[in-house]
Each structure stands twice: as C-alpha cells, then as structure tokens.
Amino acid sequence: DSVGAGPPKAPLPIPPLREMTTTSLEAFRLYSEGLEARRHLRVADAREKLTQAVALDPGFALAYLELQEVALWQQDDAAYQTLRAKAIEHQDRLPPQRRMILEAMQVWKNDPARAEQFLRDVIERSPDEEDAYLHLSHLRRSSYQIEESLEILERGVVAVPQSGQLWLQYGYGLLWQGRYPEAIHQFEVYSRINPKEANPWDSMGEASATAGDRKKAMAAYTKAIEVDPANDNAKAKLTELKAPAKKTKK
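Residue numbering for the sequence shown follows this note's numbering, beginning at 11 and increasing consecutively.
There's no promise every hint is true.
As a list, the in silico DSS-like pairs of lysine-lysine whose alpha-carbon atoms are at most 27 Å apart [unchecked claim]:
no., residue 1, residue 2
1, Lys252, Lys233
2, Lys226, Lys252
3, Lys226, Lys245
4, Lys233, Lys245
5, Lys206, Lys233
In short, the hints are calculated from the structure, not lab data.
Work out the full structure, taking the sequences as your base and the hints as a guide.
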C-alpha cells in the first residue's frame with residue numbers, strides 16, 4: 011500500500027501555539043535552534059540546545075520529544091527512556107500529530123500494525139510531518155521491506171525538502187542497496203537545498219568513495235571541511251584518500 015492511500019482525512023484540530031510550545035521566548039529560541047540542528051543530524055548541538063530549553067521550561071513537551079529522537083540517534087537508551095517518559099508526562103502539550111507519533115512509538119514493539127496505522131494517519135493529515143516518514147520507513151525496513159522503506163523516504167523528501175534527516179536516510183538507504191549514482195544524486199540535491207550544512211558533502215564523499223570515485227570523494231570532503239572546519243570525520247577521510255595507495259606484495 012502506498013503512503014496516504016485512501017480518501018484524504020481531515021486535518022487534526024490544532025490548539026493555540028502557546029499551549030503546544032512554551033511561554034518562554036528564550037526556551038522557544040533554543041528549541042527552534044535545536045530542531046534545526048537535529049534536522050541536519052548535528053546531534054551534539056541539538057542535544058545541548060534542547061536540554062537548555064527544557065531547563066527553562068520543564069514542561070516543554072515538544073523539546074522532550076526532539077531530545078528523545080536525538081537520544082535514539084545516539085543510541086543512548088537510558089536517556090531515551092527518561093526523555094520518552096517526560097514526553098508522555100507532558101503529552102497534553104503536544105500538537106495532535108506529534109501525540110500520534112508518540113503513541114505509535116509506544117505500541118511499536120507489541121503492535122506494529124497499529125503503529126503503522128498511526129503513522130499513516132499522521133502523513134495523510136499532516137504531509138509535512140518528517141518524523142512520521144522516518145519512523146514509518148524504519149518500521150518497514152525492520153521487517154525487511156527495503157523497497158517500501160525507500161519509497162516512503164522518497165515521498166518524504168518531496169513533502170519535506172528542508173529535512174536533512176530525510177535526505178540522509180534516503181541517500182544512505184540507496185547506498186546500502188548498491189545504488190551508488192542514485193545515492194550520490196540525493197546527496198547532491200540535499201547540498202543544493204542546504205548549502206550551509208556540512209552533512210550532505212560529508213555523505214557525498216562517503217558515497218563517492220564507496221563507488222570508487224576518489225577524485226569526487228576528495229572534492230566533497232574538502233567542501234565539507236570548508237563549510238564546517240571542525241568536521242573531524244571529513245578531515246580524517248580526506249587524509250586517508252590523499253595517502254598513497256599501499257602496494258601489495260607479490
């Protein structure tokens with residue numbers, strides 16, 4: 011079944027913004043910066059900003075939800091469980107679509123079909139909800155439905171082109187399938203949409219190196235360092251590529 015199949019559903023009712031976010035302007039600023047960092051997988055920066063946001067407003071449910079995603083990405087299970095509990099505790103301050111995503115994650119292990127339905131409902135009603143595509147894709151991939159997972163991510167990058175995380179997941183999904191030209195193309199598109207982010211260039215370098223295009227990989231890693239001089243991964247990869255190839259003994 012395709013994402014969003016069936017007749018379109020009515021948008022979910024949206025409460026006033028102040029009820030879903032925070033009355034603290036500083037907490038909201040930190041949340042917005044943390045959200046942008048998380049979208050492009052600058053996870054350390056995202057975690058710092060979002061942690062500061064919940065320190066200013068301990069009931070800021072959206073910030074806890076974003077922190078939960080960061081912990082999940084960092085494979086920090088202890089933090090993930092704590093932050094998930096906080097998001098659930100304050101879920102009355104979540105927008106309806108984010109509450110449905112939270113509920114999908116709660117039933118994920120015991121009832122994946124129900125979790126999938128929650129996520130599909132969110133996409134039908136709020137097509138720009140990037141986390142719904144990410145979780146739905148992961149759900150399909152975890153059941154070895156690789157092509158369906160890639161199809162969901164493809165729809166996601168069209169619906170939410172500003173989401174670096176969707177572009178990266180889609181590009182790497184193609185890369186892992188050995189579809190190197192398509193993967194490189196996705197990272198190239200991402201770099202044009204978000205030229206000030208280092209991640210697309212870093213990923214393009216990895217994909218090009220995997221495809222055997224040493225020159226393109228070096229150019230991409232060089233650009234990643236130019237955008238973010240603190241990108242140690244790109245520096246290490248570039249040094250590795252510049253090193254003369256070792257001769258094999260006969």
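Consistency of the hints with the structure:
{"no.": "1", "hint": "Lys252 to Lys233", "result": "holds, 15 Å"}
{"no.": "2", "hint": "Lys226 to Lys252", "result": "holds, 12 Å"}
{"no.": "3", "hint": "Lys226 to Lys245", "result": "holds, 15 Å"}
{"no.": "4", "hint": "Lys233 to Lys245", "result": "holds, 11 Å"}
{"no.": "5", "hint": "Lys206 to Lys233", "result": "holds, 10 Å"}
This entry satisfies every hint, going by the numbered hints stated previously.
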